[in-house]
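Participant: Between the sequences and the hints, there should be enough to build the whole structure, so can you do that?
Chains as they are written, first to last, in this note's numbering: chain Y, 1 to 332; chain U, 1 to 320.
Honestly, the hints are just simulated from the structure, not real lab data.
Some hints could be false.
[Stated by the list, open to error] Dumping the calculated DSS-like pairs for lysine-lysine here, alpha-carbon to alpha-carbon at most 30 Å:
id, chain 1, residue 1, chain 2, residue 2
1, U, Lys109, Y, Lys29
2, Y, Lys94, Y, Lys134
3, Y, Lys266, U, Lys204
[To be verified] To list a few chain U residues with every Cβ distance to chain Y over 12 Å, as calculated:
id, residue
4, Arg15
5, Leu20
6, Leu29
7, Leu58
8, Gly67
9, Ser86
10, Val107
11, Lys109
12, Gln171
13, Ser173
14, Ala292
15, Asp294
16, Ile295
17, Glu299
18, Arg308
Glycine included, every Cβ here is placed at the ideal spot set by N, Cα and C.
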Amino acid sequence: MQKGEDIKSCNPSDLLCVRKLCVWHPIRKFLTVSGYIRALDDVSFDLERGRILAIVGESGSGKTTLGKTILKIHQPTKGRIIYDGKDITFIKGKEIKWYRRELGYVQQDPYGALPPFMNIRQILEEPLIIHGIKKSERIYKVREVLEEVKLIPVEDFINKYPHMLSGGQQQRVVIARALILRPKLIVADEPVSMLDASVRIEILTLFRELQKKYNLSIMYITHDLSTTKYFSDKIAVMYAGHIVEMAQTYKVLSKPLHPYTQSLIKAIPDPDPRNRTLFREIPPGEPPSLLNPPPGCRFHPRCPYAMDICRREEPPVIEVDGTHTVKCWLYG
Amino acid sequence: MEVALSIKELYLYYRVRAGLVKAVDGVFLDLYGNESLSVIGESGSGKSSLARALLRLLPKNVHRFEGNIYIDGEDVMKLSDDEFNSRIRWNKVSIVPQASMNALNPVIKIGEQLAEPLIIHKNMSKNEALDKAKEMLKFVGISQEFIDRYPFELSGGMKQRVVIAMALITQPSIVILDEPTSALDVLTQANIMNLLKKIKTDRKISYVFITHDIALSSEISDKVAVMYAGQIVEYSYAEKFYREPQHPYSQLLLSSVPTLREDRNVRFIPGEPPSLLNPPPGCRFHPRCPYAMDICRREEPPVTYIERNSYVRCWLYAKG
Numbered sequence: 001m002q003k004g005e006d007i008k009s010c011n012p013s014d015l016l017c018v019r020k021l022c023v024w025h026p027i028r029k030f031l032t033v034s035g036y037i038r039a040l041d042d043v044s045f046d047l048e049r050g051r052i053l054a055i056v057g058e059s060g061s062g063k064t065t066l067g068k069t070i071l072k073i074h075q076p077t078k079g080r081i082i083y084d085g086k087d088i089t090f091i092k093g094k095e096i097k098w099y100r101r102e103l104g105y106v107q108q109d110p111y112g113a114l115p116p117f118m119n120i121r122q123i124l125e126e127p128l129i130i131h132g133i134k135k136s137e138r139i140y141k142v143r144e145v146l147e148e149v150k151l152i153p154v155e156d157f158i159n160k161y162p163h164m165l166s167g168g169q170q171q172r173v174v175i176a177r178a179l180i181l182r183p184k185l186i187v188a189d190e191p192v193s194m195l196d197a198s199v200r201i202e203i204l205t206l207f208r209e210l211q212k213k214y215n216l217s218i219m220y221i222t223h224d225l226s227t228t229k230y231f232s233d234k235i236a237v238m239y240a241g242h243i244v245e246m247a248q249t250y251k252v253l254s255k256p257l258h259p260y261t262q263s264l265i266k267a268i269p270d271p272d273p274r275n276r277t278l279f280r281e282i283p284p285g286e287p288p289s290l291l292n293p294p295p296g297c298r299f300h301p302r303c304p305y306a307m308d309i310c311r312r313e314e315p316p317v318i319e320v321d322g323t324h325t326v327k328c329w330l331y332g
Numbered sequence: 001m002e003v004a005l006s007i008k009e010l011y012l013y014y015r016v017r018a019g020l021v022k023a024v025d026g027v028f029l030d031l032y033g034n035e036s037l038s039v040i041g042e043s044g045s046g047k048s049s050l051a052r053a054l055l056r057l058l059p060k061n062v063h064r065f066e067g068n069i070y071i072d073g074e075d076v077m078k079l080s081d082d083e084f085n086s087r088i089r090w091n092k093v094s095i096v097p098q099a100s101m102n103a104l105n106p107v108i109k110i111g112e113q114l115a116e117p118l119i120i121h122k123n124m125s126k127n128e129a130l131d132k133a134k135e136m137l138k139f140v141g142i143s144q145e146f147i148d149r150y151p152f153e154l155s156g157g158m159k160q161r162v163v164i165a166m167a168l169i170t171q172p173s174i175v176i177l178d179e180p181t182s183a184l185d186v187l188t189q190a191n192i193m194n195l196l197k198k199i200k201t202d203r204k205i206s207y208v209f210i211t212h213d214i215a216l217s218s219e220i221s222d223k224v225a226v227m228y229a230g231q232i233v234e235y236s237y238a239e240k241f242y243r244e245p246q247h248p249y250s251q252l253l254l255s256s257v258p259t260l261r262e263d264r265n266v267r268f269i270p271g272e273p274p275s276l277l278n279p280p281p282g283c284r285f286h287p288r289c290p291y292a293m294d295i296c297r298r299e300e301p302p303v304t305y306i307e308r309n310s311y312v313r314c315w316l317y318a319k320g
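Facilitator: Next up, the structure:
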């Protein structure tokens with residue numbers, strides 16, 4: 001009964017629909033389970049075709065777990081993941097292979113993501129071999145994708161090894177590998193955070209071009225709110241395993257509702273010489289342990305507006321002005 | 001105000017199998033007391049090498065290390081390694097290293113690690129030093145009971161505070177911050193920045209802040225030095241730099257910064273930074289420069305002063 005209701009709220013034209021997703025990692029002590037790390041708790045969102053959803057949060061907020069669960073690297077404990085109209089929450093075996101072909105993954109650390117003993121051609125051919133593409137087609141596809149990520153002339157790069165490339169070029173190879181099977185959805189986990197500030201925009205611009213060309217949907221996982229303004233359509237803010245706020249990018253950035261989002265925005269400097277005389281009002285403390293999250297709202301120990309109810313009851317997801325949702329008692 | 005740090009024609013080359021890496025190639029600057037300088041540049045521009053040269057923490061393959069570094073008026077390049085260690089390192093200059101979360105020894109208690117610089121560089125007794133360590137912990141906002149804890153019991157932000165306390169405990173006049181918040185979360189980073197600003201006002205010290213994050217650099221800079229391929233290409237006051245950068249590279253760097261509050265287009269700098277083994281002839285930035293002229297390809301640009309204590313290395317501004 002419950003399951004049916006969850007799925008009903010999905011829009012069939014959306015590429016990805018996630019409902020009440022939970023990922024709890026059991027902590028085993030000898031033969032018994034002594035507790036759970038609630039890495040993801042009750043996460044719901046939709047991703048439309050050809051859109052970029054930014055998942056923003058600090059380390060330990062569950063944003064990487066969310067990405068890896070969508071990629072079927074982590075197993076969901078509860079909830080539903082509907083991809084292109086099909087329920088893929090608990091698929092196995094051959095179905096996973098089909099599903100993974102539809103997805104691309106761009107990792108955070110490009111050097112760690114590329115095997116050092118393979119050259120660029122071998123790295124890019126690997127997914128083609130796994131998915132049974134004929135040899136004669138492979139080299140053509142490798143060249144095509146290298147041109148798309150602007151590693152040109154292709155001859156200069158195709159036989160190189162990852163260590164011979166700069167960080168930005170390595171990340172282009174990672175993007176090429178994610179794109180080579182022509183996926184519909186890309187999970188990009190901090191794709192530019194290891195790169196120099198000046199290269200970040202270059203990679204994101206390229207990414208955006210390719211996204212438009214192929215009408216890709218992207219889950220852009222990041223801790224850096226300032227790039228989301230240029231590289232996302234919608235933002236979901238995560239804190240301690242929950243999505244605490246979600247809306248179109250411009251709404252979140254110009255009118256953040258959740259106190260956590262507000263302090264995130266306050267914490268980010270723009271280059272301005274006046275900053276040096278400014279003290280930022282930032283909540284003290286650290287994100288809570290996911291083993292024993294605080295009762296009620298998980299942000300209440302750090303929240304400047306914490307009320308009595310915040311300490312007792314978990315806030316519901318509240319819809320404010322149409323598509324802007326926030327999980328906070330202030331709006332209840 | 002007095003000059004706290006003055007660097008004149010500093011060179012630091014490393015020898016590697018492929019040739020010479022010119023990491024610091026003729027750097028000069030002046031920094032006054034209680035002023036902070038941000039050294040910004042892409043990776044491989046030589047900014048960390050500059051920091052290491054100031055503390056004389058050098059690897060074995062140094063080929064050339066010359067020039068003058070005046071700290072509080074004294075040329076420390078003339079000192080022997082022993083003298084440098086006993087009088088300058090940590091007494092006058094200290095560092096908050098990159099990835100400082102891993103800078104703490106995991107098997108030694110926080111208090112003992114914090115007291116160590118006092119015992120080594122100030123010849124204090126252990127008890128005295130531990131008392132000071134307690135005070136210092138409180139100053140950086142950590143409760144004193146943590147003195148008997150081990151690093152793994154602390155969060156990332158707290159470890160960072162401990163490392164900052166360690167750099168301050170001997171009361172040096174200059175603290176080098178080498179990407180001090182690069183591994184931290186946004187809110188923790190903002191809290192650490194608040195702490196660094198408070199320390200600067202309370203203790204009247206100077207910072208040399210090494211970073212590639214231009215927006216973050218504006219949080220504590222009075223002056224800015226932009227490094228490119230081992231050289232400072234622009235040296236300027238913060239007020240001027242963030243509003244009207246002069247060097248084409250600085251202009252591109254600033255326009256590549258995404259801003260939350262202001263609405264503007266971000267652009268990126270085409271091309272890759274040059275190799276420090278074989279920097280391009282003439283101006284090192286000319287292959288990526290939108291204004292490159294003929295002379296830029298042939299001759300190295302002279303240093304042109306825009307005003308007192310502020311210069312640019314570019315043919316566009318060369319006089320006469």
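Participant: Each hint needs a verdict: does it hold in this structure or not?
Facilitator: Going down the list of hints, with the structure as the test:
no.: 1; hint: U:Lys109 x Y:Lys29; verdict: holds, 28 Å
no.: 2; hint: Y:Lys94 x Y:Lys134; verdict: holds, 20 Å
no.: 3; hint: Y:Lys266 x U:Lys204; verdict: holds, 27 Å
no.: 4; hint: Arg15; verdict: holds, 20 Å
no.: 5; hint: Leu20; verdict: holds, 20 Å
no.: 6; hint: Leu29; verdict: holds, 18 Å
no.: 7; hint: Leu58; verdict: holds, 24 Å
no.: 8; hint: Gly67; verdict: holds, 27 Å
no.: 9; hint: Ser86; verdict: holds, 34 Å
no.: 10; hint: Val107; verdict: holds, 24 Å
no.: 11; hint: Lys109; verdict: holds, 21 Å
no.: 12; hint: Gln171; verdict: holds, 22 Å
no.: 13; hint: Ser173; verdict: holds, 19 Å
no.: 14; hint: Ala292; verdict: holds, 18 Å
no.: 15; hint: Asp294; verdict: holds, 26 Å
no.: 16; hint: Ile295; verdict: holds, 25 Å
no.: 17; hint: Glu299; verdict: holds, 26 Å
no.: 18; hint: Arg308; verdict: holds, 18 Å
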